[in-house]
Amino acid sequence: MVVKPKRKPVGQVPGTAIYTGEKKMDEVLITLHEYGENDYKSRHLNSDEEFTSSLESHTKSWIQVRGLHDVDKLKPVWHHFGMHPLIQEDIVNTSQRPKIEPYDDMVFIVMRVIMPQDPPAETEEKKKKKDKKHRPLHSEQISIILTPNSVISFQESETTLLEPVVKRLMSAGTRLRKNKPDYLSYAIVDTVVDYYFQALDVLNEEIEQLEEKIIKDADERDLQHIHALRRDLIYFRKSIWSLRDGLNSLIRDESKIIHKDTKVFFRDVYDHVVQVIDTIENQRELVFSLYDIYMSGLSIKMNEVMKVLTIIATIFIPLTFIVGIYGMNFDPESSPWNMPELNMYYGYPASLLFMLLVSLGMLYFFRRRGWI
Amino acid sequence: MVVKPKRKPVGQVPGTAIYTGEKKMDEVLITLHEYGENDYKSRHLNSDEEFTSSLESHTKSWIQVRGLHDVDKLKPVWHHFGMHPLIQEDIVNTSQRPKIEPYDDMVFIVMRVIMPQDPPAETEEKKKKKDKKHRPLHSEQISIILTPNSVISFQESETTLLEPVVKRLMSAGTRLRKNKPDYLSYAIVDTVVDYYFQALDVLNEEIEQLEEKIIKDADERDLQHIHALRRDLIYFRKSIWSLRDGLNSLIRDESKIIHKDTKVFFRDVYDHVVQVIDTIENQRELVFSLYDIYMSGLSIKMNEVMKVLTIIATIFIPLTFIVGIYGMNFDPESSPWNMPELNMYYGYPASLLFMLLVSLGMLYFFRRRGWI
Amino acid sequence: MVVKPKRKPVGQVPGTAIYTGEKKMDEVLITLHEYGENDYKSRHLNSDEEFTSSLESHTKSWIQVRGLHDVDKLKPVWHHFGMHPLIQEDIVNTSQRPKIEPYDDMVFIVMRVIMPQDPPAETEEKKKKKDKKHRPLHSEQISIILTPNSVISFQESETTLLEPVVKRLMSAGTRLRKNKPDYLSYAIVDTVVDYYFQALDVLNEEIEQLEEKIIKDADERDLQHIHALRRDLIYFRKSIWSLRDGLNSLIRDESKIIHKDTKVFFRDVYDHVVQVIDTIENQRELVFSLYDIYMSGLSIKMNEVMKVLTIIATIFIPLTFIVGIYGMNFDPESSPWNMPELNMYYGYPASLLFMLLVSLGMLYFFRRRGWI
Amino acid sequence: MVVKPKRKPVGQVPGTAIYTGEKKMDEVLITLHEYGENDYKSRHLNSDEEFTSSLESHTKSWIQVRGLHDVDKLKPVWHHFGMHPLIQEDIVNTSQRPKIEPYDDMVFIVMRVIMPQDPPAETEEKKKKKDKKHRPLHSEQISIILTPNSVISFQESETTLLEPVVKRLMSAGTRLRKNKPDYLSYAIVDTVVDYYFQALDVLNEEIEQLEEKIIKDADERDLQHIHALRRDLIYFRKSIWSLRDGLNSLIRDESKIIHKDTKVFFRDVYDHVVQVIDTIENQRELVFSLYDIYMSGLSIKMNEVMKVLTIIATIFIPLTFIVGIYGMNFDPESSPWNMPELNMYYGYPASLLFMLLVSLGMLYFFRRRGWI
Amino acid sequence: MVVKPKRKPVGQVPGTAIYTGEKKMDEVLITLHEYGENDYKSRHLNSDEEFTSSLESHTKSWIQVRGLHDVDKLKPVWHHFGMHPLIQEDIVNTSQRPKIEPYDDMVFIVMRVIMPQDPPAETEEKKKKKDKKHRPLHSEQISIILTPNSVISFQESETTLLEPVVKRLMSAGTRLRKNKPDYLSYAIVDTVVDYYFQALDVLNEEIEQLEEKIIKDADERDLQHIHALRRDLIYFRKSIWSLRDGLNSLIRDESKIIHKDTKVFFRDVYDHVVQVIDTIENQRELVFSLYDIYMSGLSIKMNEVMKVLTIIATIFIPLTFIVGIYGMNFDPESSPWNMPELNMYYGYPASLLFMLLVSLGMLYFFRRRGWI
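In the order they appear, the protein sequences are chains C, W, R, Y and D.
Per my numbering, residue 1 is the first one in the first sequence, and the count goes up by one each step.
Per my numbering, residue 1 is the first one in the second sequence, and the count goes up by one each step.
Per my numbering, residue 1 is the first one in the third sequence, and the count goes up by one each step.
Per my numbering, residue 1 is the first one in the fourth sequence, and the count goes up by one each step.
Per my numbering, residue 1 is the first one in the fifth sequence, and the count goes up by one each step.
This is chain C alone, in the form it adopts within the complex (with noise of 0.2 Å):
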């Protein structure tokens, strides 16, 4: 899931807009959705003569941008709601961190989309392995850019992550319909917010799988799977960490541009934002717990292999010896005292008698030790 970001060259001139993330859709897709309480246009804006034209209507506005590859097209946009250079570079920079920057006449946010990736399509033998497979997450920047009248937003991709928003908005009636744009932008910061419960959900998931097959056998590749959980939830945390304090004071703030009702609504969006920085903290407790159940594990193993091998040597050790006390060639011959149970009668199986009895005392010697 972790996005090594191209970097701009040292001492660029800030404010220089450069897309830092990788190509990810053919053409540059402006949307407009125009709305009020009881109507709703939407439609592509291919030139950018068209895009100035028809921002002149006064009704209220979402101006959605999906892709941005091509500065050249994004500038229109830009500079028609007069952003500061700052902005335009944040927009396209896609290793930012979350933030809420107010400015005069806007409010600028940028978030980090985590949500679970689709899964591939599955093979016959990719389903048996299946526990072992780390699922990987999508990750994306969006920026958010608040006007009186307007909202535009700005996507990497053409994905389809504000499809629901786009709905509501078709619905007439509906309290996003009704309200100001404020409303609506919350209504894309919470779409955004609730992909981090499905992330979550996949993690705790794949947590819990993981657990159960540690605690059953472990083995090398759980490792490995524990460490790449480990950098998905730090990855996870550092993108959402810091949109807790800029909704904070987003809340806080005196704000004309964001009204006091829908402030109650960001208030919840807050709420929820720190339950899943709250649950990251935990999950990363538990693997750390995984690690040490892990670890544990392998001792445990080592010690199975010990005691294996401590029974089985401690078991023919002393055996092997007798054995080899009958394989001395000492001269029965020369004196009476010279090995003369090699020519009893019943010497051999008092012998071999005498070797089961010491071995079933070892068995029963390990038993009370609770080895076997």
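The set of hints was computed from the structure by calculation and includes no laboratory data.
Capping the alpha-carbon separation at 27 Å, the derived lysine-lysine pairs in DSSO-like fashion look like this: (1) Y:K167 / Y:K41; (2) C:K75 / Y:K260; (3) W:K256 / C:K260; (4) R:K178 / D:K75; (5) C:K60 / C:K75; (6) W:K99 / W:K60; (7) R:K99 / D:K99; (8) C:K99 / Y:K263; (9) W:K99 / C:K260; (10) C:K41 / C:K178; (11) C:K238 / C:K23; (12) D:K99 / Y:K238; (13) Y:K60 / Y:K75; (14) R:K307 / D:K216; (15) C:K238 / W:K238; (16) D:K260 / Y:K256; (17) C:K307 / D:K307; (18) C:K256 / C:K180; (19) Y:K263 / C:K75; (20) Y:K213 / D:K307; (21) D:K178 / D:K60; (22) R:K99 / W:K99; (23) R:K178 / R:K263; (24) W:K75 / C:K178; (25) Y:K60 / Y:K99.
Model the placement of chains W, R, Y and D on the given structure of chain C, informed by the hints.
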């Protein structure tokens, strides 16, 4: 104990009330308690009309709602008190963080009840293994809305957890009867916090039993027990952590609904919550410490095994070598240097004696090292 | 040292005074100390009437109550001073966190006394094992109510812990006699904090002895000792942690009961408490470090055992192989190639010499590795 | 990377300027950049007089000082701008924490440049071992003094690190040329922070390579590599930690020297610094995680070794016992019970077959355990 | 380095001055430095009268008191300046936390001097083992009282630690001579902080040497060395931690005694103290890291031992089995199936060759595993 919540679909209209818990009882049960300093009446409200009419009276009242799975039954209550859509959503979304939110004319409190689960009827067999059992905790969401004249409480199930409050309400002359409903809301919160202490006691006892067990004889299941305890403590802490801040701001804020005298009592509850959080933190440390004891127990066991192997092997390996020597087939007749011992009169007993001395020497060496 | 508290039943009326400790003495003992700059009187109050009448006088007074198990005996005191029901409850609920609560006309202070327990009379046998003993700490709750003219203190048992204060009160001309009762309350708090330092010294000495022991020769009981120390330090910290904030707000708040000059002294106590907490934290770190030493001691022991096994085995295994060769029964007579050594004149001594050289080579190899 | 600083002698007069770094270049190089919206001039100042005279002009100027070892050369600059003795001391004491201190008529900024060191020319041999190399970071102190009309920067060495800023200054019409010197100071700080990202990328790549290496095959040098990374990250964090607070207070404080419009840019730098610190923390966690993988790799290797030993030993020890039995010298002629097998027709092949079966049984046992 | 303090008896009258350190010099030494911008006089005060009379003059003065064991000698100083009993107590109670307390007409500063101890004269023998030595730090309490016209300093011993300040005081025209006594108090504090850096350098060097040693060849004493370093760092941190807050509030508070210009210098000291604390934290992390290296060194050693055992055993055990086979006594004459090899012409050399091949195969297997 960890509840895996159902999630609302992404992008759901905010304020949509969807019950995310499991259905825990058949019918939604709405009980109306009306009380004054000298009188107390209580009855179940079955139809919506009954509900509306009965609240015309201007006495103090407590509407106790049990069961959240049938949202349609809850709507009349919500509408009568004009609750904000987000409150409605939070009441039925049962994976809320605890919070206390002041609204203009009401206070909204969400808490999580954590209490020891009644142990299942124990068979003879189970009793024997009792010490190995991890006893799960019962977890349930409770929401309390406080208006100037009423308290409305929402519970997930029909549990009798608020029974102690009902009983106190029945006795005339108590502070509960004399004071305003804000004191009733305090009484409910206080009762829930009392359950935390019960849960802590159960956990504490479990930790102590486990500690004793691990010190005596650690085995693999103990690690899973430790892990289960860690999870419960993480979940427990998460479930009450944010309650502290909520109570703190409740005490400090200028709220007209909660009377100054009642705030003294809320300060007491606040102290209890802090004490619970402290104790959870301490128990977490103790559980960490248990893990250390467990791991060092494994090491000690390993050392034991290795010592036995080493003692047996190092005693018999040299002896086996000696008997091997006298098993060599050098021909004594080809030369007087070739194994003359074989033909000596006391050759055999002397060699046995020599081996005895070697093994006694070994044993002495081990004893000096403190191994046996 | 850890006190397992009895709990009040869930849902108990708040402010219900139920003693949750163990009964530690036979009779509740109420002592009245009346003092002024020039005079000091002290007597035991046995009946309730005596109590009421004796407080008519308007001198400065200290009512010292020892024993909390008989709540009926305490009630006259509570009622005379009009204490809030929650204060009453806290006095006898002996598992309180320490706290300092300002009320309108009084200040309520709850502290936990932690002091070294007097060691039991030592038999000869015990003295020898002295270094292995974990010395438990005595723990007891003390409550202090400060009113403009009186100090009322509540202790659980008849211990002489406030004896030093009584003695100072008996000497004329001391600051204690001259100043208002707020200075007396300071004197009591200061005395309790002094006991903390005694307890720290005992723990410190124990840690040092244990450290010495573990470095010399670690065994299993040391781990339990480490665990016991951890528990005590956790409990100790918990017992005074919140006292810091309490004292801090006492110093800063505008309280008419505590005089500005006395606040300088409370600031000094505050410094001492911070110092105690710091020291506890440092001791906790040292105990963690002890665990590390212990675990690495186990590893080193294991290494020792393995080395002995390896040395013995690797010396004798090759030798045993060699003697095995000359124990083979190839018939030298069927062919000149078959074990001609057996019939050589110096065959046997040469083989012994060869084995000697092999083992010397092995020993040289081990020495070069630094194993012996 | 860790720079071991020379210390001033104890008790040195504060404000005494002694260069504590290493001499990194031959000559102190003072370059004067004078610029306005439409013109730009730059020249090296060699004599002190030249310096004083050239600053008479009232254009915007940047005095770039490279080399701090010759304090006498620096003094004219210090005196001309009336810098406080402590500023002088901090400029040449190159083990400063980063800080931003507002003075009445100037702002003093100390930062540490951390950038990837240019790798030495690689021989063929080195390239092969490339994955094992820890690449050190270059570390250097830079001080910036901002006055209303000038920026004065002090670097330790002749490095070209500010070259990007110089280049932008040369191009007419840029924001840098139009704005006041406070924007120039921002440009310098921004450039330094850009280097942090470069250094992070280098560290990140190193961590990833090391991770791959450790998962594949851990050896002892990897631990030293982990340790080196830890040290670098500790040093890195220390080097920029306090910059965050410095920038934060710079943004908030009422400073006349830094214009409101420039503060927006400083806020952007602040965000970058926070992002760098976050990333460092995350990398530290990853390195911790690497250590865990490394240790568990050791355990797994040990298990491997033990398994091989156990398998070989437990297969052959019983077999050796069996062959030992038939090497005993009981005399078959003294009794029909004494080892009649020796004279049986298929005695030898039957015994071999029996041993084969025993070893196959063992192998089956090991396979069932999952050892082979 | 850890100083075990003597404690005052419990319940001692607060403000009772009892020296709790060890007596470190014979006589209490009181030196009076009187100075103005143009003159400087210094003399030892032997009798109390001399002391009182000499302070009549209204120049700036520094009374330097060395030796705290004879409280009677200190009393005239205390009384002359009207010091609060708690100040008196803190001066001689040498286990104080550092603190800076403003009083109405004076500022009271307690610090702990931590400096490298002069190493004892080294014998030849010691020099060789030098790398194993833990060099202890010297620790001493210093108290400074600043009044409008005087500085009074109290040291435990006769050490020359303030000599640098005395020397600077002797030179005319210095800032020290020109400024008020608040600058002198700064000079003393700054000197003490300079010693911290010296101590840090000593610790740093020790850590580096130990690191090198552990990486090369870890043994048991290194663990004790690590433990000693941890203790020292814990103690060091504790000794200066609270100084930071003290200095911080000194800078911010409105204090008439410390002039605004001097506060700039105190801000510099504050920066140094923060830097010291940062460095201690980093060193603590490095020492933790050393422990990890140490433990993994133990594991690696163990692996080494096991490998040798395994290689030797797995090579010879099969060989011993083979020679055992040909040591069996099956009678070749009873059947052509019974060990016909024994009578073959090349039987013996063939068997030796076979064994050689087996061992070469084993060695190849080990090499492929990377064990040899």
